[in-house]
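A.B. asks: Starting from the known structure of chain A, arrange chain B on it as the hints suggest.
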Amino acid sequence: DSGVTQTPKHLITATGQRVTLRCSPRSGDLSVYWYQQSLDQGLQFLIQYYNGEERAKGNILERFSAQQFPDLHSELNLSSLELGDSALYFCASSVGTSGVNEQFFGPGTRLTVL
Amino acid sequence: TQLLEQSPQFLSIQEGENLTVYCNSSSVFSSLQWYRQEPGEGPVLLVTVVTGGEVKKLKRLTFQFGDARKDSSLHITAAQPGDTGLYLCAGEGVYNQGGKLIFGQGTELSVKP
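Line by line, the protein sequences are chains A and B. In case it helps, the working numbering puts the first sequence at residues 1 to 114. In case it helps, the working numbering puts the second sequence at residues 115 to 227.
Calculated directly from the structure, the hints in this document are not laboratory data. In this text, all values refer to a predicted model and were calculated from it rather than measured experimentally. Just so it is clear, CB atoms sit at the ideal spot from N, CA and C, and this is done for glycine as well. Be careful, since some hints might not be right.
Quick list of in silico lysine to aspartate or glutamate cross-link-like pairs, EDC-like style, CA-CA up to 20 Å [unchecked claim]:
hint	chain 1	residue 1	chain 2	residue 2
1	B	Lys-170	A	Glu-102
2	B	Lys-171	A	Glu-102
3	B	Lys-184	A	Glu-102
4	A	Lys-9	B	Glu-152
Label-pair distances were calculated between CB atoms; the ranges are [as the list claims (entries may be wrong)]:
hint	chain 1	residue 1	chain 2	residue 2	range
5	A	Thr-20	B	Ser-224	28 to 38 Å
6	A	Asp-1	B	Val-164	24 to 34 Å
7	A	Leu-39	B	Glu-129	24 to 34 Å
8	A	Ile-60	B	Val-142	22 to 32 Å
9	A	Lys-57	B	Ala-182	20 to 30 Å
Bound conformation, chain A alone (with noise of 0.2 Å):
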């Protein structure tokens, strides 16, 4: 255990909708990150953030957002969904920005797009 928990594990919805991924990170973990995993792209970085606001982004599509709140946990927003959005989200944590940046992953959420 990462000690990373992201809610839900599983998220099954149709095109054109919107869903939120959830992610607490490990107790004093001020970073947050967003990975999206699929079978063709491989792990590839989405956005981060540390201590509630935004320091890197990825190839993140316009059409999804992330904060972080107050409480450190973080949420990844999806919308106008499509078939190719269909991937394991992962959220990893770490201490900070500097130095070695050893990320702890969370279990993920599969998202199925129909």
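C.D. replies: This is chain B only, laid out in the frame that chain A set:
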């Protein structure tokens, strides 16, 4: 764009054999992490290497960071069925803002009893 190439992509061996997985890039990384992932679960951190030429051992697993910090390898001695899984290398760029990781495509290892 920084890329990490892992090889081989797939590896099927018998219990007791040795194997090596490679992770290569043309870019320099400030650190490199190795993860192991089981189907439907999140990656689990195995080790982090930081210094060029560094070697770390974790029981039967030996990790090495290249002298130029552009490549890494994972060697497993006397593989066991419990070693089966997806092995991922991930690098943190030298000029990285924030600490995001760039992942290789992974090596799918199957160890047959």
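A.B. asks: Work down the list of hints and note, for each, if the structure agrees.
C.D. replies: Now for the hints, and whether the structure bears them out:
The hinted pair formed by Lys-170/B and Glu-102/A meets the criterion: a straight-line CA distance of about 16 Å does not exceed 20 Å. Taking the CA atoms of Lys-171/B and Glu-102/A, the gap is about 17 Å. The hint holds against a cut of 20 Å. Simply put, Lys-184/B and Glu-102/A have alpha-carbon atoms about 18 Å apart, close enough for the 20 Å limit, and the pair holds. For the proposed pair Lys-9/A and Glu-152/B, the alpha carbon gap of about 15 Å is at most 20 Å, so the pair holds.
For the hinted restraint 28 to 38 Å between Thr-20/A and Ser-224/B, the CB-CB distance of approximately 36 Å keeps it satisfied. With their beta carbons about 25 Å apart, Asp-1/A and Val-164/B fall inside the hinted range of 24 to 34 Å. Separation of Leu-39/A from Glu-129/B is about 28 Å and conforms to the stated range, judged on CB atoms against 24 to 34 Å. The hinted window of 22 to 32 Å between Ile-60/A and Val-142/B holds, with their beta carbons roughly 25 Å apart.
Between Lys-57/A and Ala-182/B the beta carbon distance is about 29 Å. The supplied range of 20 to 30 Å therefore holds.
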